[in-house]
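Student: Here is what each chain is made of, one letter per residue.
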Amino acid sequence: MTQYLVRRILISIPTLIAISIVIFTILALAPGDPLAEFAMNPAVPPEVRQRIRQSMGLDDPIPVRYMKWASSMLRGDFGYSFRSKSPVIDLIRQRLPTTLYVIGTAYLVSVLIAIPIGVLSAIRQYSIFDNVATTLAFIGFSLPTFVTGILFILIFSVKLGWLPMIYRTTIDTGGLLGVWEKVKQALMPIMVLGLFETAALTRYTRAAMLETIHQDYVRTARAKGLSERTVIVRHAMRNALIPVVTIVALSIPGIFTGAVITEQIFRVPGMGSLLISAIRDNDTPVIMAITIIFSALVVLFNLIADILYGVLDPRIKYE
Amino acid sequence: MKPESLSGCRELGVTREEGVVMDELKQLEVAARSGQLSRREVLKRAAALGLSAPAVASLLAACARQEATPTTAPAAPTPAPATPAPSASPTPAAAASPTPAAAKRGEGGLVKLLWWQAPTILNPHLAQGTKDFDASRIVMEPLADVNDAGELVPILAEEIPSVENGGVAKDAKSVTWKLKRNVKWSDGKPFTAKDVKFTYEYIINEATTATTIGNYKVIESIETPDDYTVVIKFKNPNPAWMNVFVGPYGMILPEHILRDYVGEKARNAPFNLNPIGTGPYKVKEFRPGDVVVYEVNEQYREPDKPYFARVELKGGGDATTAARAVLQTGEVDYAWNLQVEATVLDQLEKAGVGVVEVIEGVNVERILINMTDPRKEVDGERSKLGVPHPWQSDLRVRRAYALACQRDVIANTLYGRAGKATSNILVAPERFVSKNTSWKFDLNEAAKLLDEAGWTKGPDGVRQKDGVRMEIVYQTSINPVRQKTQEIIKNAFEQLGIKVELKSIEASVFFSSDPGNPDTYAHFYTDIEMFTNGPSSTYPLDYILAWYGKEDNIAQKANNWSGNNIERWQNPEYDKLFEQAQTELDPKKQEELFIKMNDLVVNEVVVIPLVHRNSVSGRKKDLTGLELSRWTDETWNIANWRRSS
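Protein chains in written order, with my numbering: chain S, 1206 to 1524; chain L, 403 to 1047.
Possibly wrong hints are sitting among the right ones.
[To be verified] Simulated crosslink set (PhoX-like; lysine-lysine; CA at most 20 angstroms straight-line):
no., chain 1, residue 1, chain 2, residue 2
1, L, Lys686, S, Lys1290
2, L, Lys582, L, Lys596
3, L, Lys596, L, Lys635
4, L, Lys667, S, Lys1290
5, S, Lys1364, L, Lys596
6, L, Lys667, S, Lys1273
7, L, Lys1022, S, Lys1364
[Unchecked claim] Which bits of chain S does chain L cover? Going by a derived footprint, with three or more residues having C-beta under 8 angstroms, they are:
no., stretch
8, 1241-1254
9, 1316-1326
10, 1371-1380
11, 1507-1517
[What the hints assert, rightly or not] Label pairs and their computed distance ranges (CB to CB):
no., chain 1, residue 1, chain 2, residue 2, range
12, L, Gly508, S, Ile1222, 47 to 57 angstroms
13, L, Lys572, S, Glu1252, 29 to 39 angstroms
14, S, Val1227, L, Glu509, 55 to 65 angstroms
15, S, Val1269, L, Asp629, 29 to 39 angstroms
16, L, Val780, S, Ile1452, 53 to 63 angstroms
17, S, Ser1332, L, Asn893, 54 to 64 angstroms
18, S, Thr1230, L, Pro920, 15 to 25 angstroms
19, L, Val811, S, Ile1452, 51 to 61 angstroms
20, S, Glu1252, L, Thr631, 24 to 34 angstroms
21, L, Asn676, S, Asp1511, 41 to 51 angstroms
22, S, Glu1252, L, Asp862, 39 to 49 angstroms
Hints were generated in silico from the structure; no laboratory data involved. Cβ atoms here follow ideal geometry from the backbone N, Cα and C, with glycine treated the same way.
Using the sequences plus the hints, can you model the full thing?
Tutor: Structure representation (structure tokens):
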């Protein structure tokens, strides 16, 4: 087991390096300019913009730029944002709590809802419950978040006036009222994301469950006279959850990088909106930091998923 | 100074898509509600939009509501707010505007502003966009600012220097500013002339890489005879003396805080994110790219101001939802730069919560005509100076182009309240606006001109001469309004027998200063291109520099395309006028010069001006005292913003 872990961790190092080289090169090759807006402003003449460009090192050769970045990265320094001149790590630190709160809750809610629904749908295949659940899952799955997001705004903010459409991190109302305000403004983004995630996860759970409940060992368990509950929970579900665990584990890195579109619609200042504005502004240090963190998390959670298999299924051995 | 708003919508595919679906959805919903569309029609259009069942259901619900209660017409439409005529804002009294005696500092509670581009840095001299200037201006102040009429309003200065009061030297080689005496920085330290001098030293140090350096290169030295007097000496007589320490590019920095952060260290100053200023507010919390929270600066010199205790400037999102938040749900009090289709804006305004504020802008959306040949590569560059364009170097052809632009259609249908057709490149300040030019749309006359020039229609309908076909490439940045403009113009050109290929480029690429990218506006490797530009100063030398024909001012490989003259047009008469305007001090002669330069560019059709663009923002009905000005930040007068009951 230890040997397995060490090997996996060692393999992940060249993987991460390769990822960083690819991303960095793509970013460096992509055209664009952090100061493009000033092209229309005669008070900021072209030669000034060009000097600032050079001072950011944007005109250096790509290998030089990469080595600079990599060496500071190794010292744990993500560098400074081109735009705000502040350390990238500070920007990320500011965004992370909001993202974890909003996106994390959405994922948690969707796991809590999707697994029971998926299991129930599978057990009562073709029942009314199954049909309704499947239809809803299809709707949720096929509606992109930018449509549901706007729809929710139209319904809950514009028509009903119940929920705010702009997310504020600066609410300082004290007491329960403040807590309620914070919850209220997160409801729509959570619903939008939760709907999408729940739908997807329900489909996976149902499919996995359907596969297992027709297995011989489930029939055997029933034949032994075990209660239906035990059969489903101990025998069928435990096996069915293996692929579901993979999907859930692999989507956890997504919580850290946020949900780009949803965050944009509701102006949630999370990692997703940080990434998108950084891309828009050609803020390379920020883009690199976020993508590297994301890659590392993906690698990490792959490993965690693999280890969880062993817990769920003792037959799986690591060598 | 107004943001180049169209290209401001630099959105990625995703968000743009959202915007479009959202707009259409909204339009559809509005149409359904007002009963303009039957249910069947709604269904059909919704399907075309690719809407799913629940979306359509909500639309139909809207229909049903309408059909059930056909008489409840939407509330009486709010009349469009009269654009404050520049001449109507009489004196530079803005700073001392009528404030009822009852007003107390901080009485107004919280005011919420929404900028759909979020500020990322609060040091105006390191600003990366208009949003940063706007957000800095709430804390920092220049010596003077410029109101909408183009008049200087003293801010940190005691009075505005003039030749009469001896502030401006007769030869305009120096200007003397008298400073207010009771001003303190928000940390309690006194503000003195030394801070002004320091600001200059900070900016002019090339290693600081100040965005604002362009305006300060004309200064030879700054002297501070006493703590409240600043004497600025210029290298040459400078009629544009009001470009320094005035407006967005002129905010004064505190020496005692930034003394050790000049040059390369500038970017690491904590000040950049938490500035100390003399303005009505100080920063309580700043999250770059998200929100700035300001609270009252207790040291502010006017004891009864500001009215609002807290200002919250939220950034991000898109213009359409911003418009909705201020006009329809009233979640915010003020929203910046509402680049939203005219019809959508009108509908949102009908909700009666907010009003759209339109002020005349300084920018003109224009088509530039390349005088050089973009197809021929000489010494590693295309569109090279001295390689004339095969047909566009003929004035008759250029005049035919201009006759084929339906400016009123573009302005009315695509811009609405946000713009009007124009025939000038210089549309502000008022005294420099030419009355000698005009425009018309006349395809017959255009065709005649082209025939005269020897470009006749070939068998396939495309004009040609000596085997050369008149096929042009027309580029601009990606933006729905620009693409629609391209279509209108292409249509007319093709009727004339000019084949047009349209090209649209992502704004951050098109407007970049990357010398290695051939698709930038400055490379101009196409026949014509379109964007917006306008003066940033009331003495707009830096703007009209764009047609000055001196070799090093021409965008080309030798200067990494950093020259200002993009059309590569050279005209000795213009150059002479420009050189004269650089030092001309007589206001009458200044007017003559600028108008002549405008007329030359327009009559020689170097540029086809299309639309004089306005700046559009939204405010809640009860928010007053904005005094928006086309020459400076929208937040410049925030100390006097109020909520009326």
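Student: Does each hint fit the structure? Answer for all of them.
Tutor: Do the hints match the structure? See the list:
no.: 1; hint: L/Lys686 with S/Lys1290; result: 19 angstroms, holds
no.: 2; hint: L/Lys582 with L/Lys596; result: 13 angstroms, holds
no.: 3; hint: L/Lys596 with L/Lys635; result: 15 angstroms, holds
no.: 4; hint: L/Lys667 with S/Lys1290; result: 11 angstroms, holds
no.: 5; hint: S/Lys1364 with L/Lys596; result: 56 angstroms, violated
no.: 6; hint: L/Lys667 with S/Lys1273; result: 19 angstroms, holds
no.: 7; hint: L/Lys1022 with S/Lys1364; result: 18 angstroms, holds
no.: 8; hint: 1241-1254; result: holds (count 14)
no.: 9; hint: 1316-1326; result: violated (count 0)
no.: 10; hint: 1371-1380; result: holds (count 4)
no.: 11; hint: 1507-1517; result: violated (count 0)
no.: 12; hint: L/Gly508 with S/Ile1222: 47 to 57 angstroms; result: 55 angstroms, holds
no.: 13; hint: L/Lys572 with S/Glu1252: 29 to 39 angstroms; result: 32 angstroms, holds
no.: 14; hint: S/Val1227 with L/Glu509: 55 to 65 angstroms; result: 57 angstroms, holds
no.: 15; hint: S/Val1269 with L/Asp629: 29 to 39 angstroms; result: 48 angstroms, violated
no.: 16; hint: L/Val780 with S/Ile1452: 53 to 63 angstroms; result: 59 angstroms, holds
no.: 17; hint: S/Ser1332 with L/Asn893: 54 to 64 angstroms; result: 59 angstroms, holds
no.: 18; hint: S/Thr1230 with L/Pro920: 15 to 25 angstroms; result: 20 angstroms, holds
no.: 19; hint: L/Val811 with S/Ile1452: 51 to 61 angstroms; result: 54 angstroms, holds
no.: 20; hint: S/Glu1252 with L/Thr631: 24 to 34 angstroms; result: 33 angstroms, holds
no.: 21; hint: L/Asn676 with S/Asp1511: 41 to 51 angstroms; result: 46 angstroms, holds
no.: 22; hint: S/Glu1252 with L/Asp862: 39 to 49 angstroms; result: 45 angstroms, holds
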